[in-house]
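Colleague: As a plain string of letters, each chain reads:
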Amino acid sequence: MSYTPIELMIACASRVLEDGRTVAVGTGLPCAAAMLAQKTHAPNLVICFEAGGVAPQLPTMPISVGDSRTFHRAVMATSMADVMQFCQRGMMDYTFLSGAQIDPYGNLNSTRIGGTHQKPKVRLPGSGGACDLASFCWRTLIVMRHDAKKFVEKLDFLTSPGYLTGPGAREAAGLPKGTGPYRVITELAIFDFHPDTCRMRVLSVHPGITLAQVRSATGFQLAEAESMQETAKPTEEELRLLRKEVDPAGYILRRAG
Amino acid sequence: MSDSPTGRLFADPDADRARAGFARLPRALVDKRMSVTEAVSRCIRDGDYLAIGGFGINRIPTAIVHEILRQKKQNLSFAGHTSTHDFQLLCAGNLTGRGQTLARVDIAYVVGLEARGLSPHARRVMESGTVEICEWTNYALAVRLQAAAMGVPFLPARTMLGTDTLQESAAKVIRCPFTDQQLVALPALYPDVAAIHVHEADIFGNCRLRGVSVADIELARASKRLIITCERLIPHEEIIREPHLTVIPFFCVEAVCEVPFGSFPGNMPGEYFSDETHLRKWLTVEKDPEAHLQFLEEHIFGVPNFDVYLEKCGGLPRLRELRSQEFLLSSVK
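Chains as they are written, first to last, in this note's numbering: chain A, 296 to 552; chain B, 261 to 593.
Certain hints may be false.
[What the hints assert, rightly or not] Restraint-style ranges between C-beta atoms, simulated for each label pair:
id : chain 1 : residue 1 : chain 2 : residue 2 : range
1  : B       : Arg305    : A       : Arg368    : 37 to 45 Å
2  : B       : Thr266    : A       : His336    : 34 to 42 Å
3  : B       : Met410    : A       : Asp487    : 18 to 26 Å
[Said to hold, decoys possible] Chain B regions said to be covered by chain A (calculated; three or more residues, Cβ under 8 Å):
id : region
4  : 280-290
5  : 372-379
6  : 392-401
7  : 414-421
8  : 424-432
9  : 440-453
10 : 575-586
If you're looking for bench data, these hints aren't it; they were derived computationally from the structure.
Ideal Cβ placement from N, Cα and C applies to all residues, glycine included.
My request is simple: use the sequences and hints to build the entire structure.
Modeller: What follows is the structure, encoded as structure tokens:
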């Protein structure tokens with residue numbers, strides 16, 4: 296069965312999520328991945344939204360992290376501080392983030408491109424809850440488009456912490472022990488972080504993509520994991536669930552760009 | 261992280277000065293109903309620090325923001341706490357020939373409308389270098405309001421550490437006196453004025469809301485002056501029959517305005533969904549500054565009140581459709 300890059304990315308992201316865990320998601324692709332996981336291998340995955348929605352049964356794709364869908368048939372509609380404090384206390388296993396730029400240590404920029412801080416060339420939204428979630432959640436999953444302008448050696452602005460400057464840097468800064476970026480998923484490949492250097496490396500390359508293509512779309516040196524392999528394609532069941540149940544309106548699946 | 265953060269505080273975190281202000285607020289159980297026009301003119305002053313409740317496009321007091329623009333309030337500081345459509349609106353008071361509404365912004369999330377994309381006009385404003393900014397995160401601003409609600413000058417947290425977000429903030433890095441853990445100290449944020457939209461209130465300002473509370477429980481207690489807009493007024497008898505449903509008590513409130521469909525074009529939980537068509541049009545029209553000005557004139561500046569805005573946006577037929585969408589019903593022919 297043929298599939299689109301976005302369908303592959305959602306399938307890859309959903310497979311990372313284990314059953315019986317908690318995940319803080321935003322709208323769009325992360326939400327689709329969490330819903331797909333619930334419908335396949337992780338029926339007991341607990342989805343949380345930073346505006347206060349806890350364990351909703353999502354009837355459709357939310358448009359906002361705080362809209363009515365994010366607490367539809369939920370167990371609780373609470374506050375932002377309450378959800379963030381689940382995370383800060385160590386009760387949130389996963390979160391999904393994205394950004395305009397990422398560096399080799401998984402640090403993310405969603406604040407500005409170019410210019411000075413008071414007069415930027417491009418002003419982006421800022422942290423929102425991203426810096427909080429990247430600081431607190433056990434495993435941060437990063438999902439983003441892949442090109443050399445986004446995958447850079449040095450960020451224009453470090454909004455949300457990955458491994459900062461390398462091994463031990465998160466702990467030295469005061470961030471909770473044992474947390475940090477876990478996987479990066481793009482339309483070309485899946486990456487993890489080397490346990491000794493904390494630098495991003497290629498874990499699997501998507502079907503039809505070469506390692507050279509991945510490297511040329513990346514603005515920094517990329518190592519490869521010893522066990523590097525080809526990413527498994529989305530199964531027919533995953534594609535059927537995605538198209539028929541997760542996003543029948545094509546809100547995510549048919550979105551351009 | 262050798263250098264200390266360089267951002268500037270836009271609000272005084274001093275707890276005793278805040279107490280002195282709270283001590284002067286009236287406690288009497290009096291009828292606080294007034295028009296939106298009167299509430300804005302009475303409670304919001306040029307130079308104030310303003311905060312808006314809800315979540316950008318969900319349960320927002322739209323009528324108050326429109327009226328701030330109509331009354332050309334100037335030189336405001338603002339808490340940009342997942343501020344989406346409300347921020348897009350406030351930016352309409354900058355670079356549109358009406359002086360400068362926004363002068364200073366504490367940023368957690370501004371400029372964007374989540375999945376809908378970035379606001380071209382909010383970008384113009386924030387890229388013009390005319391608004392002073394200070395960076396935070398959503399949780400950091402929630403904690404700053406929590407500190408103010410508690411009546412303490414700061415609270416510690418474990419966010420922002422190691423980032424440029426911290427560097428451009430006005431937080432400070434401290435060590436825990438018990439564990440020596442490195443922490444970020446977040447200064448209390450006492451806004452001069454806040455506006456919150458709720459489902460139900462009585463004439464004295466006792467409020468109920470449904471769905472996520474975001475940071476409004478804290479915001480209501482942290483603000484020196486509070487304007488409530490509500491979908492509907494309910495009898496005081498109903499409040500005291502079920503006191504566990506009250507989330508904001510009357511003595512925190514200065515003004516109560518009944519504004520049905522008051523979160524339009526935003527979502528109101530259990531009432532109506534957001535008007536995505538209207539919001540898409542808004543984002544498109546902002547690309548051209550001339551067309552944007554004309555759009556603002558037609559929908560806000562040249563309109564006497566929020567009811568007329570609702571009429572211009574399709575009135576009751578459109579609102580009924582949004583109610584069907586909220587309840588996931590197909591529209592009726």
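Colleague: Are there three or more residues in the region 392-401 of chain B whose C-beta lies closer than 8 Å to some C-beta of chain A?
Modeller: With 8 residues close enough to chain A, the hint holds.
Colleague: Do arginine 305 (chain B) and arginine 368 (chain A) keep their Cβ atoms within the hinted range of 37 to 45 Å?
Modeller: holds, 44 Å
Colleague: Tell me whether the statement that chain A covers the region 280-290 of chain B is true, taking a Cβ distance below 8 Å and needing three residues at minimum.
Modeller: Our answer is that it is violated, as 0 residues pass the Cβ test (under 8 Å) against chain A, missing three.
Colleague: For the region 424-432 of chain B, count the residues whose Cβ lies under 8 Å from any Cβ of chain A; is that count three or more?
Modeller: Answer holds; 3 residues pass the 8 Å Cβ test.
Colleague: Just to make sure I understand the rule, a stretch counts as covered if three or more of its residues have a C-beta closer than 8 Å to a C-beta of the chain. Does the region 575-586 of chain B meet that for chain A?
Modeller: With 1 residues close enough to chain A, the hint is violated.
Colleague: State, for the Cβ atoms of threonine 266 (chain B) and histidine 336 (chain A), whether the hinted interval 34 to 42 Å holds or is violated.
Modeller: Taking Cβ atoms as reference, threonine 266 (chain B) and histidine 336 (chain A) lie about 47 Å apart, which means the hint is violated.
Colleague: Using a Cβ cutoff of 8 Å, are there at least 3 residues of the region 372-379 of chain B near chain A, or does the coverage claim fail?
Modeller: holds (count 5)
Colleague: Taking the CB of methionine 410 (chain B) and the CB of aspartate 487 (chain A), does the distance hold inside 18 to 26 Å?
Modeller: Violated, at about 41 Å.
Colleague: Can you tell me if the region 440-453 of chain B counts as covered by chain A, using C-beta to C-beta distances under 8 Å and a minimum of three residues?
Modeller: holds (count 4)
Colleague: With a C-beta cutoff of 8 Å, work out whether three or more residues of the region 414-421 of chain B approach chain A closely enough for the coverage to hold.
Modeller: holds (count 5)
In this structure, the earlier hints numbered 2, 3, 4, 10 are contradicted, and the remaining ones agree with it.
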